[in-house]
Every structure is written in structure tokens, then in C-alpha cells.
Amino acid sequence: MKQATWDALEKVFARTPVLVAGAVPIEGLHAAEKRVGVKLPEDFQQFVARYGGAVVGSLPILGLRKAAVMGSDYSFVDVTEWFRRDGWTPTAEWVVISVDLGGNPIGINDDGEVWISDHDAGEVRMISPTFEGFVELLLSE
Numbered sequence: 106m107k108q109a110t111w112d113a114l115e116k117v118f119a120r121t122p123v124l125v126a127g128a129v130p131i132e133g134l135h136a137a138e139k140r141v142g143v144k145l146p147e148d149f150q151q152f153v154a155r156y157g158g159a160v161v162g163s164l165p166i167l168g169l170r171k172a173a174v175m176g177s178d179y180s181f182v183d184v185t186e187w188f189r190r191d192g193w194t195p196t197a198e199w200v201v202i203s204v205d206l207g208g209n210p211i212g213i214n215d216d217g218e219v220w221i222s223d224h225d226a227g228e229v230r231m232i233s234p235t236f237e238g239f240v241e242l243l244l245s246e
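For what it's worth, my numbering labels the leading residue of the sequence shown as 106, then goes sequentially.
Be careful, since some hints might not be right.
No farther apart than 25 Å at their CA atoms in a straight line, the calculated lysine-lysine pairs in the DSS-like style are these [as the list claims (entries may be wrong)]: (1) K144 <-> K171; (2) K116 <-> K171; (3) K107 <-> K144; (4) K171 <-> K139.
Label-pair distances were calculated between CB atoms; the ranges are [to be verified]: (5) S177 <-> H224: 19 to 25 Å; (6) P122 <-> M231: 30 to 36 Å; (7) R230 <-> E132: 30 to 36 Å; (8) H135 <-> D216: 18 to 24 Å.
To be clear, the hints were calculated from the coordinates, so they are not data collected in a lab. Since we're looking at a predicted model, the values are computed, not measured. By construction, the Cβ of each residue, glycine as well, lies at the ideal position given by its N, Cα and C atoms.
Work the whole structure out from these sequences, hints included.
Quick look at the structure:
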């Protein structure tokens, strides 16, 4: 990610440390990546390695650790597996990295694009071509 994005995140987390979980060893990320079967983009890997998981803007960004303000569903592995078991399209090809306020999964595909499966609108649409772009949208809220 760009330094400006890291700086903006650091500023938010310095003001409100309960929004961030804590660093994760890269080995844990590799094991999680194998479990979900989706190639994690570099920017998402860096975010999770550095922060573990966090709340940015109005949404959680799921990782492998729980920030104090996150609910019990904080692991992108567990949440991805739940949506897949429940038959949400197209989470079989995604890693679910967030859930919006309506309960819709937000995921990253193998190309690193961030998508939402909106059950109310009955559509799947791209939010951002990159994870960093998604973070920038959340930071601008």
C-alpha cells in the first residue's frame, strides 16, 4: 500500500487504539490462505500482518485477530467458511474480508478485486479494483 494510506490508518488507530487488533505472523497468513483457497493480495496480507484485523470507517476488516470493538466474528477464515456453507454466491471464489451493516459479505477474489454480494438488491457488484482502494473508501467516510 502507499505510504499515505498507511499514514492515514496509523493516524486513526493512534486516536482510537481499540479499533485495531495487533500484528499477525506471516506464517499464520499463509496457513489461512491455504484454508480458504483464495490467493490473498499483497496489500491485504500486509494489512493483516500489521494490524491483525481492524475497524476502518463504518466496517470491520476481518483478519486473524479480534479488535476490542469487533464482534465475535473477526476471522476472515471462519466468516468465509460460514458464508460458503450458507450458499452465498459467489463466496466460493472469495475470501470474505468484511460484512456490511446489512449482513452482506464483502470479499476479495483471486484478482484482488473487492466485491459485495447484496442480498437486498439481488446483485453482486465491484466496490474497488484493489483492497487498498477499499480501505481508502472507508477512510474517506
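Using the Cβ atoms, figure out if S177 sits within 19 to 25 Å of H224. Once the Cβ atoms are compared, 21 Å apart, the range 19 to 25 Å for H224 and S177 holds.
Given the hint that K144 pairs with K171, test it: the Cα-Cα distance must not exceed 25 Å. holds (22 Å)
Holds or violated: K116 to K171, with C-alpha atoms at most 25 Å apart: Roughly 20 Å between the alpha carbons, so the hint for K116 and K171 holds.
Verify the CB-CB distance for R230 and E132 against the hinted window 30 to 36 Å. About 34 Å separates the Cβ atoms of R230 and E132, which means 30 to 36 Å holds.
K107 paired with K144 [C-alpha distance capped at 25 Å]: Distance ~21 Å between K107 and K144 Cα, so the pair holds.
For the pair H135 and D216, does the Cβ-Cβ distance stay inside 18 to 24 Å? holds (20 Å)
A range of 30 to 36 Å was offered for this pair. Does it hold for the Cβ distance of P122 and M231? holds (32 Å)
Please verify whether K171 and K139 have alpha carbons no more than 25 Å apart. Roughly 21 Å separates the two Cα atoms, so the pair holds.
In this structure, none of the earlier numbered hints is contradicted; all agree with it.
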